[in-house]
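Okay, here's what each chain looks like letter by letter:
Number of protein chains: 4
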Amino acid sequence: MDLFSIGQKVLAQQPFSKLLGTELVEFSAQGAVLKIPIRDELKQQFGFVHGGVLAYAADNALTYAGAIGLGVEVVTAEFKINYLKPAQGDFLLARAVLVNAGKTQAVCRCDVYAVHAGGETLCAVAQGTIAKLARAAADEGT
Amino acid sequence: MDLFSIGQKVLAQQPFSKLLGTELVEFSAQGAVLKIPIRDELKQQFGFVHGGVLAYAADNALTYAGAIGLGVEVVTAEFKINYLKPAQGDFLLARAVLVNAGKTQAVCRCDVYAVHAGGETLCAVAQGTIAKLARAAADEGT
Amino acid sequence: MDLFSIGQKVLAQQPFSKLLGTELVEFSAQGAVLKIPIRDELKQQFGFVHGGVLAYAADNALTYAGAIGLGVEVVTAEFKINYLKPAQGDFLLARAVLVNAGKTQAVCRCDVYAVHAGGETLCAVAQGTIAKLARAAADEGT
Amino acid sequence: MDLFSIGQKVLAQQPFSKLLGTELVEFSAQGAVLKIPIRDELKQQFGFVHGGVLAYAADNALTYAGAIGLGVEVVTAEFKINYLKPAQGDFLLARAVLVNAGKTQAVCRCDVYAVHAGGETLCAVAQGTIAKLARAAADEGT
Numbered sequence: 550m551d552l553f554s555i556g557q558k559v560l561a562q563q564p565f566s567k568l569l570g571t572e573l574v575e576f577s578a579q580g581a582v583l584k585i586p587i588r589d590e591l592k593q594q595f596g597f598v599h600g601g602v603l604a605y606a607a608d609n610a611l612t613y614a615g616a617i618g619l620g621v622e623v624v625t626a627e628f629k630i631n632y633l634k635p636a637q638g639d640f641l642l643a644r645a646v647l648v649n650a651g652k653t654q655a656v657c658r659c660d661v662y663a664v665h666a667g668g669e670t671l672c673a674v675a676q677g678t679i680a681k682l683a684r685a686a687a688d689e690g691t
Numbered sequence: 550m551d552l553f554s555i556g557q558k559v560l561a562q563q564p565f566s567k568l569l570g571t572e573l574v575e576f577s578a579q580g581a582v583l584k585i586p587i588r589d590e591l592k593q594q595f596g597f598v599h600g601g602v603l604a605y606a607a608d609n610a611l612t613y614a615g616a617i618g619l620g621v622e623v624v625t626a627e628f629k630i631n632y633l634k635p636a637q638g639d640f641l642l643a644r645a646v647l648v649n650a651g652k653t654q655a656v657c658r659c660d661v662y663a664v665h666a667g668g669e670t671l672c673a674v675a676q677g678t679i680a681k682l683a684r685a686a687a688d689e690g691t
Numbered sequence: 550m551d552l553f554s555i556g557q558k559v560l561a562q563q564p565f566s567k568l569l570g571t572e573l574v575e576f577s578a579q580g581a582v583l584k585i586p587i588r589d590e591l592k593q594q595f596g597f598v599h600g601g602v603l604a605y606a607a608d609n610a611l612t613y614a615g616a617i618g619l620g621v622e623v624v625t626a627e628f629k630i631n632y633l634k635p636a637q638g639d640f641l642l643a644r645a646v647l648v649n650a651g652k653t654q655a656v657c658r659c660d661v662y663a664v665h666a667g668g669e670t671l672c673a674v675a676q677g678t679i680a681k682l683a684r685a686a687a688d689e690g691t
Numbered sequence: 550m551d552l553f554s555i556g557q558k559v560l561a562q563q564p565f566s567k568l569l570g571t572e573l574v575e576f577s578a579q580g581a582v583l584k585i586p587i588r589d590e591l592k593q594q595f596g597f598v599h600g601g602v603l604a605y606a607a608d609n610a611l612t613y614a615g616a617i618g619l620g621v622e623v624v625t626a627e628f629k630i631n632y633l634k635p636a637q638g639d640f641l642l643a644r645a646v647l648v649n650a651g652k653t654q655a656v657c658r659c660d661v662y663a664v665h666a667g668g669e670t671l672c673a674v675a676q677g678t679i680a681k682l683a684r685a686a687a688d689e690g691t
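Residue numbers (the numbering used here), protein chains in the order written: chain A, 550 to 691; chain B, 550 to 691; chain C, 550 to 691; chain D, 550 to 691.
Among the clues, some could well be false.
Chain copies aren't distinguished; within one or between two, either way the pair holds.
As the list claims (entries may be wrong) - Cross-link-like lysine-lysine pairs, in silico, DSS-like; alpha carbons within 30 Å at most:
| no. | residue 1 | residue 2 |
| --- | --- | --- |
| 1 | Lys567 | Lys584 |
| 2 | Lys652 | Lys634 |
| 3 | Lys634 | Lys567 |
Rather than coming from a laboratory, the hints here were simulated on the basis of the structure.
Small disclaimer: the values here were computed from a predicted structure and weren't measured.
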């Protein structure tokens, strides 16, 4: 099975990603892109996409980017996110790249865009560590 | 209206928090606690709560903690989260405290626990900045 | 050799810590405390201690806290720091605690105080990951 | 005075940057680059550059990148750094870019390289928030 198909299979196995309507748009050596259609259920009290959705998007895209270097048996160990602009429009695109892969961990970066009639707005940027699941993986990480 | 009631009203205005079933458990000068019942829809492919849910919980609890110092017209400017253990059980508790409040920004910390038959497990820890919404607030943050 | 003596020995082997004048004040199961006398050479252009010194203090104290759970052959994998107040006075105290230790990694938190005639001021808070050095440790981390 | 000259003047006013031997290599709309010659005094116990030096380099370069969008009266509000590889060689280069500038805050990213006979090694990546100093600026940040 090619990388993209494997990635789609993993996403389909995440009930939370199904709840949010996430789609895998790209998953190759060049990076990973997730798309999340914006709908009212994903918003906060000011009418913008909830920061938690952007954090989820970044977390998940970072994990995919880490998988490029480590294989798909990975979890996010940690990440940080800076919110730049309110997210509104038709859908989110979370674009992540692998920065560095060691034997058991990878560091990745992600940009989260909101796509709307007027173009794309960079709404958040993230950076984090992805860890390979070991035999005793149930001990650490999510 | 007392602080807790204001907090509940804000939460009720967040469609994404409704989708996740979040409840406000505590909101006082001592801190903020959010509760999220764990259900299958919130999980990832390994059967644990998705990291994105923990990130959402941390983000939202941090915002409440920031509101203690800045008032409820606030958004998360940035945060980081470290995942410690897989989250499973009956519900999540995200407990956040205000560390420092300036005039327009506050720094807060949050611990996310999974509560299960055997007790509580600390699953993630977070730290971040909450920003007061200014007139031109639509420019920055979520 | 007891834990505190081992910690002192490690610190004495760090030329950069010598350059900064760092002293180990506490190193026990309860946490690690580093002290850095404030002198003009450690300041920035506004007359306060340079943020880089606070970041160094946090980084190093976090590493000590991680060593409580993992042993002293450790390095900082990543951390984040929030600056709260300008640091001025007689010396800095960086107090770090172990939050969670897995087999190869630990997550720790640190508070950096400036101590002056009027008492202590919390100047920065940090959170990060400490990694155990493996045989192939030269591959990753600092 | 042109931007680069202003940047050099600021650096010359930072005693800690003098102690570390930091030089400003580039400071333009395209980004900021700081250079730090590697010498024994900057190392840790394993013979590599101390993580605290890399953190300082990232912190300072991020501040310069923020100044591109906000003017030079700025401080670092927060940042996170991931260490990728041990730093050794002749000098460090911290290259930072402005990602987004609002009215009072900017978000920036930084890559820290070690330059040696064999080329460049990416040793750390960072992301953080730079804040404009306000009248009441002495209240917050470093």
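Are there hints from earlier that the structure breaks, and if so, what are their numbers?
Of the numbered hints, all hold.
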